Every structure is written in structure tokens, then in C-alpha cells.
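Enquirer: Here is how the chains run, residue by residue.
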Amino acid sequence: MADFEIVKRTDFSDATYLLEVHHPQMAKAARPGQFVIVMAHEHGERIPLTIADFDRERGTITLVIQAVGKTTREMQRDCREGGHLHALVGPMGIPSHIGNARKVVCVGGGLGVAPIFPQARAYKESGAYVIGVLGFRNRSLMFWEDKFRAWCDELIVCTDDGSAGLKGLVTEGIEQAIAKHADIDEVVAIGPPVMMRGCVEVTRPHAIKTMVSLNPVMVDGTGMCGGCRVKIGEQVKFACVDGPDFDGHAVDFDDLMTRLARYKPTEKQALESWQSACRIRDAAAPSATATPADPH
Amino acid sequence: MPKKKTIRSIPQARTPMPEQPPGERVRNFDEVATGYRLEDALVEAQRCLDCADQPCVAGCPVGIDIPGFIRKLEAKNFHGAYDVITDTNLLPSVCGRVCPQETQCEGVCTVGDTLEPVAIGRLERFVGDMAIREDWANVPYIEHNRFKVGIVGSGPAGMACAADMAKAGCEVTVYEAFHEPGGVLKYGIPDFRLPNAVVDVEIDKLKRLGIRFECNTLVGRLFTIEQMLTEMGHHAVFIGTGAGYPSFMGIPGESLGGVLSANEMLTRCNLLHAREFPAYDTPLQPGKHVAVIGAGNTAMDALRVSLRLGAETVTCLYRRSAAEAPARVEEIHHAQQEGVQFHWLTSPLELIGDDNHNVRAMRCERMALGEPDASGRRRPLPVPDSAFEFECDMVVFAIGTNANPILGQTSGLKLDKRGYIATDDDGATSIGGVYAGGDIVTGAATVIQAMGAGRRAARAMKAYLGLRDSERIYATDAGAESGLFGIDRRERSFARIHLA
Chain A
0 MADFEIVKRT DFSDATYLLE VHHPQMAKAA RPGQFVIVMA HEHGERIPLT IADFDRERGT
60 ITLVIQAVGK TTREMQRDCR EGGHLHALVG PMGIPSHIGN ARKVVCVGGG LGVAPIFPQA
120 RAYKESGAYV IGVLGFRNRS LMFWEDKFRA WCDELIVCTD DGSAGLKGLV TEGIEQAIAK
180 HADIDEVVAI GPPVMMRGCV EVTRPHAIKT MVSLNPVMVD GTGMCGGCRV KIGEQVKFAC
240 VDGPDFDGHA VDFDDLMTRL ARYKPTEKQA LESWQSACRI RDAAAPSATA TPADPH
Chain B
0 MPKKKTIRSI PQARTPMPEQ PPGERVRNFD EVATGYRLED ALVEAQRCLD CADQPCVAGC
60 PVGIDIPGFI RKLEAKNFHG AYDVITDTNL LPSVCGRVCP QETQCEGVCT VGDTLEPVAI
120 GRLERFVGDM AIREDWANVP YIEHNRFKVG IVGSGPAGMA CAADMAKAGC EVTVYEAFHE
180 PGGVLKYGIP DFRLPNAVVD VEIDKLKRLG IRFECNTLVG RLFTIEQMLT EMGHHAVFIG
240 TGAGYPSFMG IPGESLGGVL SANEMLTRCN LLHAREFPAY DTPLQPGKHV AVIGAGNTAM
300 DALRVSLRLG AETVTCLYRR SAAEAPARVE EIHHAQQEGV QFHWLTSPLE LIGDDNHNVR
360 AMRCERMALG EPDASGRRRP LPVPDSAFEF ECDMVVFAIG TNANPILGQT SGLKLDKRGY
420 IATDDDGATS IGGVYAGGDI VTGAATVIQA MGAGRRAARA MKAYLGLRDS ERIYATDAGA
480 ESGLFGIDRR ERSFARIHLA
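Residue numbers (numbering that gives the first Met the number 0), protein chains in the order written: chain A, 0 to 295; chain B, 0 to 499.
Everything labelled a hint here was simulated from the structure, so no lab data went into it. Check each hint, because a few of them may be wrong.
[Said to hold, decoys possible] Chain A stretches covered by chain B per the calculated footprint, using a threshold of three residues with CB under 8 Å from any CB of chain B:
1) 145–156
2) 250–261
[Stated by the list, open to error] Some residues of chain B that are not near chain A, with every Cβ distance over 10 Å (derived):
3) Val-25
4) Phe-28
5) Leu-48
6) Asp-49
7) Leu-221
8) Arg-267
9) Pro-282
10) Leu-283
11) Lys-287
12) Pro-325
13) Glu-349
14) Asp-372
15) Glu-388
16) Asp-423
Note that this is a predicted model, so its numbers are computed, not measured. We put the CB at the ideal spot given by N, CA and C, even for glycine.
Take these sequences, add in the hints, and give me the full structure.
Expert: See the structure below:
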């Protein structure tokens with residue numbers, strides 16, 4: 000029985016961190032595009048996280064997490080090397096279909112940079128020409144550039160402020176790739192919904208097949224609750240068992256974004272109550288372990 | 000020998016179940032029915048006529064010797080009563096609470112022909128709860144064999160199958176995708192009907208039989224059914240994963256905020272403790288005016304959970320009339336007592352959102368019952384020009400489930416037309432050594448039906464493995480141990496042997 004030990008932690012920035020977790024069985028089973036559900040502790044919520052990498056020899060899977068809400072910030076504070084997750088289940092979802100595409104653009108924006116990596120690698124392994132397009136707000140948030148360079152034939156880095164690579168959004172990176180290569184078979188885009196929608200709109204006029212990985216709110220991740228339902232064309236699908244990859248040109252992104260927002264008030268409440276508890280704790284014990292700087 | 004009881008000599012009135020008053024219980028998640036006291040149980044036990052035909056035994060999906068355990072109970076031999084029940088049912092505290100006795104044992108009770116039937120379920124629960132209090136566990140003598148059995152899903156079907164296979168001497172491992180075992184007993188049925196603590200005690204009893212539970216294990220994706228038989232060395236596998244893929248109606252507005260399946264609501268509340276948010280991290284946006292669509296047991300659970308979460312109005316909408324409602328009569332009665340309003344013959348047409356994409360109202364229409372349809376129930380037909388608007392800020396769909404697709408996606412199992420796992424009457428699937436039962440075979444049904452399916456499959460699995468079925472009495476008993484894998488060659492013409 001796996002004990003979900005955290006064997007490695009790397010902090011990419013003050014908000015983004017990597018956890019490498021010991022789970023040999025999952026490392027063996029995982030394929031690109033799949034995700035896990037994690038519970039940090041007994042009172043925790045179940046959060047879906049895309050598998051950013053897996054290492055069958057080390058028997059580990061890698062998660063890259065952005066501290067945005069209560070759970071991810073608490074994990075940032077508490078998840079240390081040698082520690083354990085309370086629950087970790089997966090790999091979930093239908094693996095990405097690594098087809099016969101000869102030339103592929105793999106787009107990762109922000110947190111989507113991590114989960115696009117196994118797909119880029121898989122395409123390269125299948126013999127495709129892989130163009131990586133990575134988007135970050137600025138240079139200080141960049142990570143894994145070396146990993147991508149090792150597997151991509153071309154890499155276009157985009158930053159909002161131009162502090163590294165191309166100044167602009169990943170959509171501009173995709174346009175650049177399309178302008179240079181007339182024979183792109185497929186685009187795969189992972190990132191925030193608004194970014195994926197942008198990518199889909201760039202490729203639509205060119206009729207380039209574009210796959211996106213959706214990340215709606217989930218509870219069980221096994222098809223049982225229906226919380227992750229998404230509109231794909233005229234159909235309603237459950238991202239956990241029917242996805243998470245879908246044809247981006249058929250995805251109703253407005254619907255996805257509306258549904259992602261539906262727990263906003265309780266998320267805010269959870270974060271505030273946690274932060275106030277932290278402040279009380281820190282005030283009571285000023286020498287306790289330093290909590291990460293609160294961006295708000 | 001006491002005088003033979005007659006319908007005139009027994010206590011005439013069915014002993015009422017002590018309950019928390021409705022006004023009080025809607026403010027807590029404690030059990031509604033607090034359980035028979037000793038004196039209640041002894042009086043009610045006298046009401047069993049110990050009749051010759053024992054229709055109740057045939058009415059029980061697992062065939063509990065009901066008159067047998069009631070006789071022991073009446074004689075104050077409580078452990079004896081527990082022994083009789085656990086011969087066939089390992090989970091009396093669960094079944095005594097959640098079985099639909101009115102359509103099973105109690106529905107055919109001889110006393111019920113003249114008076115109210117014997118309260119069999121309440122007596123069963125009394126015995127089960129006493130066993131929990133006294134920490135009784137009937138761990139039978141188990142003679143271990145070399146067979147490894149894998150059970151997929153730790154709900155009622157899997158638990159029942161696991162228990163039988165462990166008792167037969169197999170090394171049993173139960174795989175559960177959630178972080179805690181128990182399946183629908185944990186995530187689905189709320190504490191006020193079946194406390195999770197009771198389920199945990201029953202699971203501990205299974206552990207005492209040597210059964211191992213491996214949680215956080217999504218079979219199909221972490222490993223496949225086929226890998227269980229090959230790489231992992233299981234000689235037989237039972238699949239009891241439940242139906243789990245909730246249906247929606249496909250009407251406009253279903254993706255609005257505040258619209259969810261009963262499964263989502265119940266899981267958040269029951270398994271993940273959303274009712275204790277923010278002490279627990281899982282939220283459940285509370286509704287002030289909650290509408291639940293459907294009138295099955297799950298719908299009743301969602302309605303009553305909503306009341307306890309503090310909703311001001313809670314309404315059940317059902318397109319047929321009360322007579323057709325699939326929920327247990329007792330559940331509907333409890334819901335009514337607690338203040339749930341029922342809109343029978345009402346069907347939603349559209350969910351209407353506010354500016355923030357949260358549901359604020361529902362447009363419905365009235366229905367009338369026409370001729371009986373394929374299900375034998377009268378078909379609801381819309382009443383022309385009857386549409387009306389109904390205000391609600393939370394809408395819960397409890398209209399059933401479809402087949403979960405994971406095992407179909409990941410194995411060579413043959414499915415039926417609706418996507419459920421195809422089996423024969425014994426639960427055998429299209430893959431040798433792999434059996435299935437419960438909701439993943441039949442579609443949504445009851446806890447006890449799932450347990451019955453788990454036990455039927457266990458019987459077939461024992462035969463498949465060449466194990467003697469402990470419930471069958473064989474003519475020859477000598478030399479059984481000397482045979483390969485404990486099989487006497489005189490008993491069976493062949494045995495299937497899997498070499499690792």
C-alpha cells in the first residue's frame with residue numbers, strides 16, 4: 000500500500016511549487032493527460048491535479064501546484080519532503096490520445112506548463128516534430144524550460160512583460176508557429192480556461208485540431224457526482240471519466256468558467272477563515288515556522 | 000413448551016419506534032429513529048407467530064432465518080439471536096436501518112395479513128446494535144486456502160461478497176476509490192438514517208475476518224481487471240462498483256450555480272463533512288429555497304439533508320403522484336413530518352438564473368397520469384398551459400443514475416445495452432473468474448439487493464474455485480482436506496486451478 004510520501008519538493012516561485020510523491024503503482028500506470036485527486040489531510044477537500052510527470056524507475060509522480068486557495072496555500076505551507084499526503088487516487092481520466100500527428104504544438108500557460116510536459120514528451124517519443132509554446136507572467140515565474148528544451152524541436156517562451164522570450168500571450172506564440180509551419184496537425188493546450196479559449200480561437204480559422212484539458216470542480220473523480228459536467232457541443236460530459244481532454248473547438252468555455260466560479264464565495268470564506276486562524280496562531284507563537292508571504 | 004401463539008394471543012399493536020421529535024431533529028444530523036429499547040424489542044418479538052410457512056425468510060434477499068432470530072430474542076438469548084442473523088447477514092445494524100422491509104420480509108409477514116406486520120427490521124437493528132455495544136463479532140473458524148480474491152468497490156455488494164469469500168478461506172482484498180471504505184453507506188446515506196460510525200464498526204468486523212481494505216485505489220485506471228487476474232495473482236474478482244453516473248434532465252439551466260446531483264450534495268455533506276465547513280475544507284453552497292427533483296430514497300435523503308443544513312423551504316418535485324413515488328413510505332413520511340413540501344405531478348421545464356449565473360427559479364408544468372407505461376406505472380403527461388414559475392436557489396437532481404463507464408473503458412468486459420456489466424444469473428461476467436453484482440449490473444437498487452447479489456456471486460465464485468460452499472451439506476466429509484486445494488475429488492469432477 001502506497002503511503003504517498005513526498006520525496007521531493009521544489010519551489011518555482013512564491014506561489015508555484017512542485018511535489019514529487021512516492022507511488023510506484025501509479026507511476027507505472029500513469030499516462031500523459033491523466034490526473035489525480037489529492038487530500039492533504041483528514042479534514043481536507045479533494046482537489047484534482049493534473050499529473051505533471053511520472054518516473055517509473057523512481058516510482059514517483061510529480062504534481063505542480065499553484066497556491067491560490069485555502070487548500071493549495073495550506074499545502075504550500077505544510078507539504079514537506081518526508082511528509083505524506085492523506086489521500087492520493089489516480090491516475091484518473093482517459094489518457095491523452097497520442098495519435099499519428101507529425102507536427103504538434105504543445106501549449107502550456109501558467110500552471111498548464113507542467114501538465115503539458117508529459118504530452119510533449121510523448122509526442123516526441125512517437126516521432127512527431129514538437130513545438131513547445133510556454134506562457135508565464137514574467138521571467139521569475141518560469142520553470143522547466145530545460146526539460147522542454149530537451150524534448151521539443153522548437154520552444155517559444157512568452158511572457159506578459161517581455162522579461163523573457165516573446166512579449167505577449169501564448170496565442171501569439173501559436174500564431175508565430177502557425178505562420179512558420181503550414182503543416183501543423185494538432186495543437187494541444189493546457190492552462191487557465193481563458194487561455195485555452197484564446198488558443199482555440201487562434202486555431203479555429205486554420206481548422207487545426209485543438210485538444211484542451213479541462214479542470215472543473217470535482218469531488219470523487221470517478222463519475223459518481225457529476226460536479227465536473229461540461230458542455231461539449233450539444234452534449235453534457237463528465238470531465239473526470241469522459242475527459243479530461245476534449246476537442247477545444249466544441250467546448251463551451253463560458254459554461255466552464257461559470258461553473259468554476261460557483262464555489263467562489265465559499266472558497267473565499269475558507270481562505271479568510273484559514274488566514275485569520277494563521278494570524279492568531281502566528282501572533283501566539285511568533286517564532287513558529289514562517290508562513291509564506293500573503294500576496295493580499 | 001409454551002402454548003402455541005395465535006393472532007389473538009400476541010400483542011396486537013406494532014411497537015412504535017422511538018424517534019426524535021421532528022422539530023428537534025431537523026436541527027441535527029443525529030439518528031431520527033433512536034432504536035428499540037430492550038422492553039420494546041421483547042414485546043415486539045412476542046408478535047412473531049413462528050408460523051409454518053415463514054414467508055419472511057423467502058422475502059429476504061439474503062434469506063435470514065427471521066423466526067429463528069426472533070425466537071432467540073424472545074427467550075432473551077441475545078447473542079443467540081445475533082448468531083442466527085450473522086449466519087446469513089453480516090451487517091444487521093445496516094440492514095435493520097436501510098432495508099425496505101415493507102416490500103420484503105415485513106411485506107409478506109403472516110401477522111401482517113390481519114394486523115400490522117412484525118417489525119422485523121427494527122428487531123434486526125436492535126440485535127445488531129446490541130452486538131456493537133457489546134463488541135460481539137462472530138469470527139468463524141476459517142480454514143485458509145491458497146486463493147486470492149479481489150473485490151472492486153467496498154459498498155454493500157462488495158462487503159457481502161468479501162465476507163463470504165473470507166469465510167470460505169480466501170485471502171480477500173477490497174479495493175475502494177474513495178479514501179474511506181463503505182461506498183454508498185458512507186457517502187450516500189446520511190447519518191440521521193445510518194450513522195457512518197455504524198458502518199465503520201461493521202467494516203471493522205470484516206477486517207477481523209482477515210479482509211484487507213485498500214482505499215485510494217481506482218480499479219481500471221491504477222490497474223485493470225485483467226491485471227488483477229494476471230500480474231496481481233487474484234484467482235477470482237468480484238466487481239461491485241455501483242451505478243454512479245448521475246442523470247440530469249437535459250433542460251436549460253442545468254449548469255447554473257446551485258444546481259447539482261444528489262450524489263454530489265450527499266457526498267459533500269456525508270463523506271466530506273461539508274456541514275462542518277469551514278472546520279472541514281469541503282464546501283456546500285447552502286440553499287435557502289431548495290428544490291429536489293425525484294421522489295426516490297436518494298431524493299428523500301437530499302431533501303432532509305437540505306433541511307438540516309438550514310434551508311427555509313425544501314420542496315420535492317415529482318412528475319408522477321405520491322402512489323408511484325419509489326421512496327420508502329417511511330422516508331416520505333419522515334420528510335413530511337420534518338416540513339418537506341411535496342409537489343406531486345410536477346415536472347421542471349427550465350432552470351432560470353440570476354445575473355451571477357446562479358439559479359433563482361424553475362419553470363415547471365403540471366402533469367396528469369395517463370395509461371401505464373413499460374414500467375407498469377401510469378405515464379405522466381403534461382397538462383397544457385399549466386406552466387408556472389417556482390423560486391429556488393438550489394436545485395438537486397435525484398432522478399437516478401446511468402452506468403459508470405470506467406470499467407467498460409478499461410477492460411474487455413462485455414456490457415449490456417445500457418452500459419451495465421453483463422452477467423448470468425450467478426453474476427459471472429464475460430471474463431472467466433470475474434463476477435459482478437449490485438448496481439453496476441442491475442442499475443440503481445437497494446442496499447440489501449446489492450448484498451444479495453454479492454452473496455450470490457460469492458457462491459458462484461466458490462464453485463468456480465472448486466471450494467466447498469459452507470452452506471451446502473455434502474454427504475461425504477472425510478478426506479476433503481487431503482485433496483488438492485482442499486477439494487475432495489469425489490465431490491467435484493474437476494477443479495479449476497490457477498497457477499501463479
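Enquirer: It remains to establish, for every hint, whether it holds in the given structure.
Expert: Okay, the hints, checked on the actual structure:
1. 145–156: violated (count 0)
2. 250–261: Satisfied; 5 residues make the cut.
3. Val-25: holds, 22 Å
4. Phe-28: holds, 17 Å
5. Leu-48: holds, 44 Å
6. Asp-49: About 44 Å separates B:Asp-49 from the closest Cβ of chain A, which puts it past 10 Å; holds.
7. Leu-221: violated, 5 Å
8. Arg-267: violated, 6 Å
9. Pro-282: Its Cβ does come within 10 Å of chain A, the nearest being 3 Å, so this is violated.
10. Leu-283: Its Cβ does come within 10 Å of chain A, the nearest being 8 Å, so this is violated.
11. Lys-287: holds, 14 Å
12. Pro-325: Correct as stated: the minimum Cβ-Cβ distance to chain A is 20 Å, above 10 Å.
13. Glu-349: With a cut-off of 10 Å, B:Glu-349 remains clear of chain A, as the shortest Cβ separation is near 15 Å.
14. Asp-372: About 25 Å separates B:Asp-372 from the closest Cβ of chain A, which puts it past 10 Å; holds.
15. Glu-388: holds, 22 Å
16. Asp-423: With a cut-off of 10 Å, B:Asp-423 remains clear of chain A, as the shortest Cβ separation is near 26 Å.
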